[in-house]
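Let's have the full structure, built from the sequences with the hints guiding it.
Chains D and R are the protein sequences, given in the same order. Numbered according to the numbering used here, the first sequence spans residues 1 to 552. Numbered according to the numbering used here, the second sequence spans residues 1001 to 1351.
For the record, the hints were derived by calculation from the structure and aren't laboratory data. For every residue, glycine included, the Cβ atom is placed at its ideal position computed from N, Cα and C. Fair warning: there could be bad hints in the mix.
[As the list claims (entries may be wrong)] Think about it this way: if two alpha-carbon atoms lie no more than 30 Å apart in a straight line, the pair counts; the simulated BS3-like pairs of lysine-lysine are:
id, chain 1, residue 1, chain 2, residue 2
1, D, K277, R, K1146
2, R, K1146, D, K293
3, R, K1268, R, K1305
4, R, K1102, D, K83
5, D, K83, R, K1146
6, D, K293, R, K1257
7, R, K1200, R, K1146
8, R, K1172, R, K1146
9, R, K1257, R, K1200
10, D, K83, D, K260
11, R, K1146, D, K82
12, R, K1257, R, K1298
13, R, K1102, R, K1146
14, R, K1102, D, K82
15, R, K1268, R, K1257
16, D, K260, R, K1102
17, R, K1200, R, K1172
18, R, K1131, R, K1146
19, R, K1200, R, K1264
20, D, K260, R, K1200
21, R, K1268, R, K1200
22, R, K1131, D, K277
23, R, K1298, R, K1264
24, R, K1268, R, K1298
[Claimed, not checked] Just the calculated beta-carbon pair ranges, DEER-fashion:
id, chain 1, residue 1, chain 2, residue 2, range
25, R, G1156, D, V247, 41 to 47 Å
26, D, I327, R, S1126, 31 to 37 Å
27, R, L1139, D, K293, 23 to 29 Å
28, R, A1290, D, S84, 49 to 55 Å
29, R, Y1031, D, L32, 53 to 59 Å
30, D, W544, R, Y1031, 20 to 26 Å
31, D, L244, R, L1139, 57 to 63 Å
32, D, L285, R, L1139, 36 to 42 Å
33, D, H259, R, E1273, 57 to 63 Å
34, D, Q292, R, R1094, 31 to 37 Å
35, R, S1126, D, W544, 55 to 61 Å
36, D, R18, R, Y1031, 24 to 30 Å
37, D, T498, R, R1094, 51 to 57 Å
So the chains spell out like this:
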Amino acid sequence: MFRALLRRELVTPLRRRRMIVFQIALATLFGLLIAARWPTDGQVALMGARSQEIFRLFSFGLMATLLLLFPVFPATSIVSEKKSGTLELLLNSPLGAWRIYFGKLVAVLALAGMILAMSLPAAGACYSMGGLSLDQEIGKVYLLLFLVALQYAAIGLLVSSYAQSADSAIRLTYGIVLGTALLTLGPHSFFQGTGGTLAKLGETLRCLSPLAALASLSGADSIGSQGLMTQTDVMGRFTAWSLLCTVIASVWTMSRLNHKIFDQSRAAGTMSDDLSKSGRFFRRLFFLVDPQKRSGGIPSFLNPVMVKEFRCRRFGRLHWLLRLTAICAVLSLGLTYATTAGTFDWGVETIGGIMVVMQVALIVLIAPSLAAPLLSVEFEHRGWQLLRTTPMSIGRILRGKLFSAIVPLMLVLCATMPGYLVMAYIEPGMQLQVRRVIICLAITAVFAMLVSAAIGCFFSRTAAAIATAYAILLSICCLPMLIWMGRDAPFGHDTVETALSFSSIAAAFSVIQMPGFEHYDLIPANWWFMGIASVISLIVMPAWAYRVSRPQ
Amino acid sequence: MNVTALPVENETPASTGEPPVLDLQNLTKRYGSFTALDDLSLTLNAGQILGLIGPNGAGKTTTIKILVGLIRPTSGSAKIAGVDCVQDAMQVKRLVGYMPDKFGAYDNMRVREYLDFFGAAFDMPSDQRAKRVPEVMELTGTEYMKDRFVESLSHGMQQRVGLARTLLHDPKVLILDEPVNGLDPQARIEMRDLLLELAKQGKTLLVTSHILPELARICQQVAILTNGVLRAHGTVEDIGHQVSQRRTLEVHLGTAKHVAAAAKIIRKSVEPEAEVVESPTEATVRFRTAQSEENLGKILRRLVKVGVFVTQYREVQTDLEEAFMSFTQNQSSIAEPASDELESDGVTTDV
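Pasting the structure below:
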């Protein structure tokens, strides 16, 4: 029975043609990564420094691949079964919760194993160059990758058991991955060496990141490190955290694999209009825009598709948007005020760096989930067919959809404007930098939105559209950072600068003069890249929409 | 394709002399070598309900999609209220209310918001929508669910909301794909009454359904499609007659003892291949035959003459379900012998 479940979970996805393409692409990518840095002269470094440099790069590439591609599988595993109705059949069978859970867990781990197996020839090539120990270096890196896969598989399955749709599961899982892998590095990067509670907190948080664990294994500087050494056993702490996470998430998910998973009310709730006067007054106090209040008709001057898009998103409704904007505004102003008032002894660059990191993370997290499903959600729920039977033109539909995605992004950006203004006021010499950072962020938002929308229109499933958009966008933004990590050795300054020109995060960092990025001149090359990619995306999306809308 | 088949009436049975609201002429749709729709010609007058029936893959959805401008015919023409569905697709969209077989729900949208959105999509001004949305909700019985999320509605409820959405812009023609699918008996009766009411208001309806008794009750006309070919078109009674070249007759007997004797006489009197079914428990004999009225009279006389106690001797009316089964199960075998018989009567139709 267990074997049957495993076969269904693993073999069925492997039958798809796109999985074969995916495997070949992975093997090619890893091969190219090694081939690009393979020694071409007759000299061999006895200490194996060259092979260690290459292996470091390769292991970060492998980790990035795992973090970008893998979470989609556990995130959709349970929710897609729930949506298609097969989970009811499974729960109605003699298979217990633990067998269903472990069937799924082993299946997604097998997929992770497949991703890792694709990298074995490249790892073998690194090993054959000498200077690498099989059990101390290569073995430990693969053990770490297995732990990461296990942890995110357990978290993904837990998220999937709560999610109401595959796309919301993917969104939340990628949010958790981004938060635990990257954002946990932020506090350490800013406060290392300062001493005090914040530095300790930063050090502890850093141990939750698989990237920090990998850096400690491969002997590389951690991302954002400023050359300071620490004595912390990052790998040990990460192992404990990862196993703890896995156990808690697994027990939690198994406890949900019963009637509870279906026992969710979709009641509309009491409408505020039907409440007593005092009830309405209290809701008015808590909500600027009350989601339970009957909304008015769509005003004639507004694009109905734009309004529809806002109303269809659970977190796109105005009250959520206002909350998000308010949080951003309060945080940015609070940070700037704290520095001005002398509460913290932080430089303006540090404050700017924190704000840039937070905003780019927010854009990268929000943009694909807003823009990628714009068309795919219509294809999936048969809404496109209905829209085509209305007199609305394709152009009007697309305009409404794109506006519905760009407005929240711009609102989030505008929310931090007061912080930047105060920063420019404190340090007048930074006005040009602040202006350029704002332009960087605005272009990043437009680029992320248009590229995600263009990628998403090729998919008829929302989950696939969002996952692909996340993977591509994160690749564009984060993979150049791998090259940056290999700056000076094995990559030269020009190579790193060229690679960083593609990353909007790196461009914003270089503008704000973040340590490690101050020597790279990425503007205007990065703006040209994002501008051209945005224009291409802006052409691709309507062209595809016209193609699929043309009567056959 | 030139097939001799049962008579297909391209003219509306109850033709009033007014131009038809729905006018399909020689409509054909091919995908490579596969013909989804073959030379379909149909007309329908205002205020009439046409039931389009056929097995899966018969060409019903293709016909509907051509009418609403989602696909283009390979040849032929389709007009709604004189407007060409291909040349003037945008104008046709305002004339037609289309309800597909799948609902098309949007997440996190309440029923009233959903209807308001589609009203706005049809360029209805907001004040007009504010009046029209409650009107259609009242008409379709969806008022009580106005604050509920559309994706949380049951299938039957979604069908009603779908119909409300279809009626929003007050279209002349309603094209409804499986409107009673998933409805409970009470809701089905209400939907039937609603469709009849809409027809009374002058709307022209094209309805597909697999629940044939429902169609038989509401449709003035029925068209049967198989493999993209129109096999029959007319009123339910006409279609019944087209099928009943072989009629079904039932003999009720006063005693079960006479069943075997009656069946023996009937078998001798009808065609050798005719089906004769005895039912001793019900004391009846049922048979299908192509015998004339005169011969049927002779059979009754023979039964009475030998002393069979006959209490009833009657023809069983062919219902739509039976007609549909006849056309779909034996489309080729029906067409050929029937054509011989029809040709002898001088009736041959190109389909």
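Results for each hint:
1. For the hint linking D/K277 to R/K1146, the alpha-carbon distance of about 22 Å falls within 30 Å, and the restraint holds.
2. A C-alpha spacing of about 13 Å is found between R/K1146 and D/K293, which places the hinted pair at or below 30 Å, so the restraint holds.
3. Only pairs whose Cα atoms come within 30 Å are accepted, and R/K1268 paired with R/K1305 is accepted, the gap being roughly 15 Å.
4. For the hint linking R/K1102 to D/K83, the alpha-carbon distance of about 16 Å falls within 30 Å, and the restraint holds.
5. Simply put, D/K83 and R/K1146 have alpha-carbon atoms about 25 Å apart, close enough for the 30 Å limit, and the pair holds.
6. Between D/K293 and R/K1257, the direct Cα distance comes to roughly 75 Å. Violation of the 30 Å bound is thereby established for this hinted pair.
7. Restraint check: the Cα-Cα separation between R/K1200 and R/K1146 comes to about 27 Å, which is no more than 30 Å; the hinted pair holds.
8. Of the pairs offered as hints, the one joining R/K1172 and R/K1146 holds, with about 25 Å between alpha carbons and a cut-off of 30 Å not exceeded.
9. Proximity of R/K1257 to R/K1200 is assessed by CA-CA distance (about 52 Å); at most 30 Å being required, the pair is judged violated.
10. Our distance criterion of 30 Å between C-alpha atoms is met by D/K83 and D/K260, whose separation comes to about 15 Å.
11. Note on R/K1146 and D/K82: the hinted pairing holds, with a Cα-Cα distance of about 27 Å set against a maximum of 30 Å.
12. Distance check on the hinted pair: R/K1257 and R/K1298 sit about 22 Å apart at the alpha-carbon level, within 30 Å; holds.
13. The straight-line distance between the Cα atoms of R/K1102 and R/K1146 is roughly 20 Å, inside the 30 Å bound, and the hint therefore holds.
14. As the CA atoms of R/K1102 and D/K82 are separated by approximately 19 Å, the hinted pair is consistent with the 30 Å bound.
15. Restraint check: the Cα-Cα separation between R/K1268 and R/K1257 comes to about 19 Å, which is no more than 30 Å; the hinted pair holds.
16. Taken as a hint, the D/K260 and R/K1102 pair is honoured in the structure, with Cα atoms around 29 Å apart against an allowance of 30 Å.
17. Between R/K1200 and R/K1172 the alpha-carbon distance is near 12 Å, which keeps this suggested pair within the 30 Å criterion.
18. Note on R/K1131 and R/K1146: the hinted pairing holds, with a Cα-Cα distance of about 14 Å set against a maximum of 30 Å.
19. With a CA separation close to 51 Å, the supplied pair R/K1200 and R/K1264 exceeds the 30 Å bound.
20. For the suggested pair D/K260 and R/K1200, the alpha carbons sit about 49 Å apart, so the restraint of at most 30 Å is broken.
21. The suggested pairing of R/K1268 with R/K1200 is violated, with an alpha-carbon distance near 51 Å, which exceeds 30 Å.
22. Of the supplied pair hints, the one linking R/K1131 and D/K277 holds, its CA atoms being roughly 26 Å apart against a limit of 30 Å.
23. In summary, the hint linking R/K1298 to R/K1264 is supported, as the alpha carbons are separated by about 15 Å, within the 30 Å threshold.
24. Only pairs whose Cα atoms come within 30 Å are accepted, and R/K1268 paired with R/K1298 is accepted, the gap being roughly 12 Å.
25. At about 45 Å, the beta-carbon gap between R/G1156 and D/V247 stays in the expected band of 41 to 47 Å.
26. Between D/I327 and R/S1126 the beta carbons are some 33 Å apart, a value that agrees with the proposed interval 31 to 37 Å.
27. Checked against the given bound of 23 to 29 Å, the beta carbons of R/L1139 and D/K293, roughly 26 Å apart, stay inside it.
28. Take R/A1290 and D/S84: their Cβ atoms lie about 51 Å apart, and the range 49 to 55 Å holds.
29. Taking 53 to 59 Å as the suggested C-beta distance range, the pair R/Y1031 and D/L32 does not conform, at roughly 42 Å.
30. Distance hint check for D/W544 and R/Y1031: the Cβ-Cβ separation is about 22 Å, which falls inside the suggested range of 20 to 26 Å.
31. Between D/L244 and R/L1139 the CB atoms are about 59 Å apart, so this pair conforms to the stated range of 57 to 63 Å.
32. As the Cβ distance of D/L285 to R/L1139 is approximately 39 Å, the hint placing it in 36 to 42 Å holds.
33. Distance hint for D/H259 and R/E1273: a CB-CB separation of about 58 Å, consistent with the stated range 57 to 63 Å.
34. For the pair D/Q292 and R/R1094, the beta carbons lie near 35 Å from each other, so the given range of 31 to 37 Å is met.
35. Take R/S1126 and D/W544: their Cβ atoms lie about 32 Å apart, and the range 55 to 61 Å is violated.
36. One distance hint, 24 to 30 Å for the beta-carbon pair D/R18 and R/Y1031, holds here, with the actual separation near 25 Å.
37. Range check, D/T498 to R/R1094: about 55 Å between beta-carbon atoms, so the 51 to 57 Å window is met.
Comparing the model with each numbered hint stated earlier shows that hints 6, 9, 19, 20, 21, 29 and 35 do not hold.
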